[in-house]
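Colleague: Quick note, the sequences are listed as chains A and B, same order.
If you're matching positions, the first sequence starts at 1 in UniProt numbering and goes up one per residue.
If you're matching positions, the second sequence starts at 1 in UniProt numbering and goes up one per residue.
Hints are not guaranteed to be accurate.
[What the hints assert, rightly or not] Which bits of chain B does chain A cover? Going by a derived footprint, with three or more residues having C-beta under 8 Å, they are:
hint, segment
1, 178 to 189
2, 218 to 227
3, 236 to 242
[To be verified] Lysine-lysine pairs mimicking DSS-like chemistry, simulated, CA-CA at most 25 Å apart:
hint, chain 1, residue 1, chain 2, residue 2
4, B, K77, B, K89
5, B, K110, B, K200
6, A, K60, B, K110
7, B, K250, A, K126
8, A, K131, B, K250
9, B, K250, A, K87
No lab work stands behind these hints: they were computed from the structure.
Heads up, the beta-carbon is just placed ideally off N, CA and C, and yes, glycines get one too.
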Amino acid sequence: MSFLLDVRNLRTRIRGEHATHTVVDGVSLQLRPGETLGLVGESGSGKSLTALSLTGLLPKPDVFVDGGAMIFQDQDLRALSPNQFAKLRGDRISMIFQDPMTALNPVHRIGDQIAEVLTVHGRARKPAQQKQRVIELLNSVGIPQPESRFDSYPHELSGGQRQRVMIAMALACEPALLIADEPTTALDVTVQAQILHLIKCLQREHNTALLFITHDLALVSQISDRIAVMYAGQIVETAASSTLFAEPRHPYTRALLASTPSAANGHKQRLPAIPGTVAKPEQYGEYCRFRNRCQHANEHCRTEAVVMDESDSAHPVRCLRWRELAQELAHVD
Amino acid sequence: MSAYFIRRFLLIVPTFIGITLLVFAVTRVVPGGPIERMMTAAMISGEQAGARRDTQSGNTLSEEQIQQLEAYYGFDKPILQSYADWLGKVLQFDLGESSRYHDPVWHIIKERFPVSIFYGLTTLIITYLVCIPLGVSKALHHNSWFDNASSAVIFLGYALPSYVVGIALVSLFAAHWDVFPLGGFVSDDYDELNTWNKFKDILYHGTLPLIAYMAGSFAVTTFMMKNALMDNQAADYMRTAAAKGLTRSKAVWRHAFRNSLIPIATSFGGNIAFFMSGSFLIETIFNIDGIGLLGYEAILERDYPVVLGILVITSLLFLIGNIISDFLVALVDPRIRFGEAR
């Protein structure tokens, strides 16, 4: 059972004016070929920085990877030189971003922007061949009249179409791993569903592994095999999608699920919100980072350091009291 | 798009009429016009010759003479009518006759224009040749010693008025060290030199004035380039470029650079006229017979035909320069679609 991507104890830090803060703190995640892992968390939880660490796109030099290992196809990404990393990007590892309105260069034709990926990675060198391939790609992401759209500029396309162009660009070299950072957040709900469906189809077709980053639990359940929940720079719980929804272990995951609107409990009830705000990096410590917002926190949570409990390797959780809480909950039922 | 530019060219006509009519009207109202000057001149020469003055009117010229002069300069007609006469002549490339030199205005301007074109074009070309690469490298090495040192020099040039730079250059390199000449555009024996020596002669005379011209103009363009490139380097599409596998230098060159040229293209047209119309201060310091000096003297001496002649040329340069700017912006930025209904 070999992993395509095996991240161990990834640590990413931000150098501030007065101090350096750890914003991704000991993140470990594994992806098999063709598998989809959803990475869920609030804004500021470090999920986007995790993705940027994996692709070497952190805004240097103030944000940098400071520890851990990122093994991709038996190769430690941390050992790569910037140029070696650049060769990998767009070829073996691709990334789609949140805002398609600004992610494309406004002054170049979209066909040329897609073709550039092929040029950079030495695919389809002849211009005619390249154009043929770009038109194929535009067609595969569902852009109507790809031949004439080749010469369009980004401002001539809608948001959804621009995101399709981004997807075509990301998949041009048939990468082994696709990282999608909130790819549908900036889009209309109906377009969201189409884009999600498209990513899923193309992923199956090419057996691409997908790391899908979002703050939307309902969305991630539709697409992921497994889900990792992130809070304040740490992964607090990882499980198969169905397990996570059926028996969440971490109080944060439970609170998240409870605050997700669903058609079933849509009786004009007020959705429960999680009180307080996400801890800031300078407040991180060795104790549970959710303790101040957790309704189950007790003395232990404030005095005992918490680590990932990996006794159940299929469902690790970072909570001191998860067993007690699970029993309590069982009694209530 | 072409419809837009045709419209812009047609709009030159009313704009041009507006500018010239305004200045023409002003020349008719302000005191000290050519007739008054002539009367003063006649008075002075009359006193010198010891001639009797016309005691009745207090004028040295008789009513008849004044009327003749007014008719000669078209001052006897209403403003609009004499403006129409003047405009009609301009359309036939006749700018009238200088009231000071009694030479055709077109001749006087034509004589000075090569000097201004030389300095204007050279300044324009060197400014862009230096400012764009300089701005790029300053953006790429932001906060390095090179960036800070060049900023200090550029700001010094910007802060000092060009005539101060000019005077400092003349007193240091011409008076004190005698490396360059004190002034002039070419040497007296210029016509006898061969091409290579002519070129050297122009360079010899031109170096100091060119530095004075450019000292102030570097700052705006260089910093426009630097700031635009720095903004664009932080743009989302640069992250996309990096995600595609482009190295940083390729991403800057292929993606950020062209986007950063948009503000530069916008300011290009204005600079054309700005540089071509010369600067009378620099021309005075370096004793260059250019358009700037000519215009300044013409205003002082109330030589209205020359003033209006220079106005015709500079305003046309400005109007055409603006259209060139629009065209360049449309060339680098495909989002610009002038006046097209989409």
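Colleague: Evaluate each hint against the coordinates.
Modeller: Results for each hint:
Only residues whose beta carbon comes within less than 8 Å of a beta carbon in chain A count, and the segment 178 to 189 of chain B has 0; fewer than three means the coverage is violated. Under a criterion of three residues with beta carbons nearer than 8 Å to beta carbons of chain A, the stated coverage of the segment 218 to 227 of chain B fails, only 0 such residues being counted. For the segment 236 to 242 of chain B, the proposed coverage by chain A is satisfied: 6 residues have a C-beta within less than 8 Å of a C-beta in that chain, meeting the threshold of three. The suggested pairing of K77 (chain B) with K89 (chain B) holds, with an alpha-carbon distance near 16 Å, which does not exceed 25 Å.
Taking the CA atoms of K110 (chain B) and K200 (chain B), the gap is about 24 Å. The hint holds against a cut of 25 Å. Annotation: proposed proximity of K60 (chain A) to K110 (chain B) is violated, straight-line Cα distance about 57 Å (limit 25 Å). For the hint linking K250 (chain B) to K126 (chain A), the alpha-carbon distance of about 20 Å falls within 25 Å, and the restraint holds. Using a Cα cut-off of 25 Å, the hinted pair K131 (chain A) and K250 (chain B) holds, with the two alpha carbons roughly 21 Å apart.
With a C-alpha separation of about 13 Å, the suggested pairing of K250 (chain B) with K87 (chain A) holds against the 25 Å cut-off.
Hint compliance for this structure: hints 1, 2 and 6 are not met, and every other hint is.
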